[in-house]
Every structure is written in structure tokens, then in C-alpha cells.
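With the sequences and hints as input, model every part of the structure.
Letter by letter, the chains look like this.
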Amino acid sequence: MDDNENDGRAGLVGLGLALGGVALGAFLKTRGGATGGWADDAPGFTARRSFGKYDVVGRTVTIRKPRAELFAFWRDFSNLAGIMENLERVETKGSNGRSVWTIKAPAGRTVEVETEIVREIEGELIAWRSVQGSDIDTEGRVTFTDAPGERGTRVSLIIAYRPPAGEVGRAVAKLFLREPETQARHDLKRFKMLMETGEIATSAHNRDQTRAAKQQENA
Amino acid sequence: MRALTWHGTHDVRVDTVPDPEIINPRDAIIKITSTAICGSDLHLYDGVIPGLQPGDVLGHEFMGEVVETGARSTLQKGQRVVVPFTISCGGCFHCKVEQYSACENSNPAEKQDMSATLYGQPMAGLFGYSHLTGGYSGGQAEYARVPFSDVGPIVVPDHLDDDKVLFLSDILPTGWMAAENADIQPDDTVAVWGCGPVGLFAIQSALAMGAAKVIAIDHYPHRLELARKLGAEIVNFRTSDVRDALMEMSGGIGVDAVIDAVGMEAHGFAVDNMMDIVKQKVGIGADRASALKQAILAVRFGGKVSIPGVYGGMTDKFPLGALMEKGVQLRTGQTHVQKYTKKLLDMIEEGKLDTTFLISHRLPLEDAPRGYKNFHDEQDSWTKVILKPGMETTQ
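Those protein sequence lines, which keep their order, are chains A and B.
So the number in the numbering used here is just where the residue sits in the first sequence, counting from 1, plus 14.
So the number in the numbering used here is just where the residue sits in the second sequence, counting from 1, plus 152.
Please note: incorrect hints may appear among the correct ones.
[What the hints assert, rightly or not] In silico DSSO-like links for lysine-lysine, alpha-carbon gap of 30 Å or less:
#, chain 1, residue 1, chain 2, residue 2
1, B, 183, B, 540
2, B, 494, A, 79
3, A, 79, B, 248
4, B, 540, B, 381
5, A, 67, A, 118
[As the list claims (entries may be wrong)] Computed beta-carbon distance windows for the label pairs:
#, chain 1, residue 1, chain 2, residue 2, range
6, A, 196, B, 229, 36 to 46 Å
7, A, 62, B, 315, 41 to 51 Å
8, B, 228, A, 105, 39 to 49 Å
9, B, 472, A, 105, 55 to 65 Å
10, A, 105, B, 272, 34 to 44 Å
11, B, 509, A, 159, 50 to 60 Å
12, B, 168, A, 89, 23 to 33 Å
13, A, 92, B, 481, 46 to 56 Å
14, B, 217, A, 96, 30 to 40 Å
15, B, 272, A, 89, 24 to 34 Å
Keep in mind that the hints were calculated from the coordinates and are not lab data.
All C-beta atoms in this analysis are idealised placements derived from N, C-alpha and C, irrespective of residue type, glycine included.
Dropping the structure here:
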């Protein structure tokens, strides 16, 4: 986490407070502010504290592949639909780093979130946030650092979001925000599986069970 | 296809279930020719392992013929293979350091949470066991889907029949790793609790590794006799005081290495074991660990403790003080099967290892429930049951 915390372009998960006015840079780096002046080396998102209106989930996995390869996969957001269970597709919009994420919702509906990339360091970091007026107010950031020796790359994903209001909000919350920590954990595990083994493990016995399991998870 | 399915404590049935299919590119489908009932299947049968669901297909010791392959499988149709009970991807950190049973990628993401909560990190995928280990359909069936078929299955030559190689799937490497974990030195006296299949193979392995003396502890006369035939000295815990016997047989020092090949359903008459049985029955679930407790008291200061026996939860009244004060080394874990299969297959081919002495019964798959009942109730004479899906009549 050695990027510049004062870079004014980035938002919630990068540093500042573009959304909601809550300074959440702290959970990236230290918990000093929350614990009365001392800071330890634990990732900020593991702190025993709340982040105001935002919920924050974070998770790290180690993947036995080079940083550049993992970064390239993630940078093409359309790849993420293959590992994120509730994500139907991601389409790029124009050339300014904007993407439209289509998320599955109950009863065959979908919800769209438009994001922009707020920070990018080749091979190291991608940070994004939803643009004004999105159904979900969210920011995300993924970092790639070398693991010791031959162990590959440590990939850390942090997502901050504000639980949405209204009918659409409730529908989205039921899915996208249902146990977000569990989902982030599963999504990262699937990313690791795909990168390390070329496939995503399933204990399904046949193809019918695969489809049934997916539907159950999306219900 | 027909398959042995679990429905509850002491309730297993042969049912018709859907055939398996290739799902991922590295999968293969195996037509099963031989599959064994394992001592750890009895833990499932007794209902003391969490995470089983009615209808689950059991079985994790199996072999057969490759009948279908995914695009990235390295197997070929018609090959005979033995399938390790541990499912391992070959590409993660743990696989690369040959800790195959800790594979990070074989347990599906959505199945990892329970074991991660129980044990700190998730378990790997295992065939036919628990949904803690993925809920993969097992091999006590006519066919099985084998993921990562380019990593696990070992191709066996046609001149070695099933009985000679089937145990490469689990109990032979498990016995071997148990002895390896006991770090056996040439002058060592080694005590092995439990003369079931893993205990007997651990005895065989310890002697092959050069142990000076191996002492086998059990109470079933026939099993003790098998241990003696392998070259072990025997102690019957019903007729001898094990602690006194081991002190005397190790010249007053304590045994150099102990192997607990019993696990969580230990027999015994000590008060603490009786309490543990009651707790297990009423579902407040302590693992019965009387063999392990005895082993820790029997091992010498600075000695070695190896635990191949299966445990799932917690235990109490554990001699932690003895463990620490004696400065023992303790090694355990599910077997890293793929690390040992090649070496052990070579030893079988060279005639250095013969494991067929263990097999007491061969049954058609349809008779599997009877096999479970007898393996469970008649442990002295039913030492190992092999199920043959293609077999018509009981031998």
C-alpha cells in the first residue's frame, strides 16, 4: 500500500471521500485514528471499527502466477463475469475507463452499475468507483504485490459500498450485498482457481447439478 | 448407475443415481472395477463426521478403467488407473511442495467456508467424504467423475491385478506416511496403536524403514496375528497393561516413536473414554482419543508421535503437559497420496510390498450394505472389504 494516499483523483477505496464524505483511506493503511493514536500493521479493513455509512470488505489470496498476468486478467473487467457469481457481464463504455456492470437480480431482472477507473498502476493496482446516479454507490480496489520467493502474487481486493435504499436497492442488496464478505471470498477463490488450474472446481456430479447449483446460489 | 449412498447413521443403501459426466476440461470418467470400504468410512457410517447429506455417494478407495476424458486430461481411454482419495490440482503452493492433501483449489469455493471456520483455513477436496471436503461423489459406484485427472490417477500395468494395487488409493500411502511421520531411525522401537489396515501398513512400512522393533497394540486376535506375521511383537490391551508393557519392552526408556492408527472412535475401558463415548452419542461431540492419550504417555522424552488416525473435532482431558514436558515431535495430517504413489507402485512391482494379505472379503457392489455392517461389527475377521461393481455372486 505504498501509493500516494493524497492523490486527489481517487475516492473512497483509494483515499479521499468522493462519496458520502467519509474519509476511508484509513482502512487501507492504519487504524491509528480509530484506536487512540497507535497503529499496528494489520490491514485497515480488519479493524474492529465501523466505516460510517459504508460497509467495507477486504480479502487477500496468494496466486502462483506472475503479477503481470493476473493484472492483465483483472484489467479486462469483462473477464470478471467468469469468476463473480452474480455478475452477468461487464462492458466497456468509451475509452475513458468507464464500464457498465450488469448484475443479476431476482425474478430475471438485472441492475446496472456504471464505474470509472480512478487509479491505475500497471501491474500493481486498479481502483474504480461508481459514477453519480448509479443504483449502487460503491468503490473497489485490487492490488497485486509479489509474494515471497516462488509463491507468486498476493492479490488483495477491497470493496466499499453504501447499502442502497428503495425498491431497486433492496433487490440489489438481496443479491450483490448478500453476505458480501462471503461473496468476495468466493470470488477471489474462483479467480485463484481459474488462474492456477485453468478451471473452477465443482463437485457437481453431472451438468444438471452444475446448473442447479448456480440457480440455487442466485436464488 | 448403481451406487452406495449414505442416508443416516448405520443406514447405507445401494441406489440408482445419475451417471457422472465430464464437467471441467481436466476431468475424466472412470468405470470402477474395484473399490474398498475404508476404516474412515466407518466414521461416516457411525455418523461422527459432520457435513454428510442423505444421498451422498461414499467411497474414496477406488480404481478402474478410463472411459471418458476432458479436453485437458492426460489420460487415455482404456487405461487402468488407481485414483488417490485426495483431489489435488498440482498448481497451487501446497501441491508444489507436495502437500497434496492441502490443495487450495480442489474444494469448490462455496464449500470452503465450513472447514475454514472449524480449522482456520479450508480443507482440500476428497472423494466420497463430507461436504466439508467438497461433497464429491465417491467411488463405491459403477462410475466416478475424477477432477484434475492429469495429476491424481496413477496408471497401473496390466500384469498387476486390482487386489495388488488398489490400496495405493489411500491406506498404503497412509501407512507409509504414518511411518515417515514417525521419523524412524535404525535402532528405534516403534509402537503402533490399532491393527486395522492403516496400522498394519504402518507396521510394514516401519519395518521396511529399518525400525529395530515394532510393537502392535489391539484387542482383536486375528488382527494381532496379522501384525505378528508382518514381524511385529504384539500387545493385547484387554489382557496386558499397555503402559507397563511398553516401558518394559523398550528397556525402561519409553518407546522412541508412537503411531496412533486408531483415531476418533477408540475402544478402551478407561473412565475418560467411557465419558467420551457418552458425549459422542448424545451429540456434544468430543473426539474419543484414548489411544492417542496413551501413546503420548508411552513415548520417550524427545520421542516422536505420528497420527494417521482420523479426528474431526475437539477432545478434552488431553495430556498437553506430557506433550510439552517430554519435548516430543508430533506430525499428522491427511495423506499426501500423490507424493507416494509412484514409489510404492515400484515397490509393489519389485515384490518388496505385498498388501493382498489384508483382503478378507470381496463382494458385489449390491452387497455393500452388508459389507459395511460386517466390517463394522465383525472387525476381527472382516479386515478389509473390496466391492466389485462387475461381480455377480458373493465369494
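Note whether the CB distance of residue 217 of chain B and residue 96 of chain A lies within 30 to 40 Å or breaks it.
Check passed, 33 Å falls within 30 to 40 Å.
Is 55 to 65 Å respected by the C-beta to C-beta distance linking residue 472 of chain B and residue 105 of chain A?
With Cβ atoms ~59 Å apart, the hint holds.
Sort out whether residue 540 of chain B lies within 30 Å of residue 183 of chain B, counting only the CA atoms.
holds, 11 Å
For the pair we were handed, residue 67 of chain A and residue 118 of chain A, check the Cα-Cα distance against 30 Å.
Given pair residue 67 of chain A, residue 118 of chain A holds - Cα atoms ~24 Å apart, limit 30 Å.
Quick one, are residue 540 of chain B and residue 381 of chain B close enough, alpha carbons at most 30 Å?
holds, 27 Å
Residue 79 of chain A paired with residue 248 of chain B [C-alpha distance capped at 30 Å]:
holds, 13 Å
Regarding residue 62 of chain A and residue 315 of chain B, is the given constraint of 41 to 51 Å on their beta-carbon distance met?
With a Cβ separation near 58 Å, residue 62 of chain A and residue 315 of chain B fall outside 41 to 51 Å, so the hint is violated.
Verify the CB-CB distance for residue 196 of chain A and residue 229 of chain B against the hinted window 36 to 46 Å.
Check passed, 40 Å falls within 36 to 46 Å.
Distance restraint evaluation - residue 105 of chain A, residue 272 of chain B, Cβ atoms, bounds 34 to 44 Å
Holds, at about 40 Å.
For the pair we were handed, residue 494 of chain B and residue 79 of chain A, check the Cα-Cα distance against 30 Å.
holds, 28 Å
Assuming the hint says 46 to 56 Å, is it satisfied by the Cβ distance from residue 92 of chain A to residue 481 of chain B or not?
This hint holds: roughly 52 Å between Cβ atoms.
Cβ separation of residue 228 of chain B and residue 105 of chain A, checked against the hinted range 39 to 49 Å:
About 42 Å separates the Cβ atoms of residue 228 of chain B and residue 105 of chain A, which means 39 to 49 Å holds.
Of the numbered hints given earlier, the model fails hints 7 and 12; all others are met.
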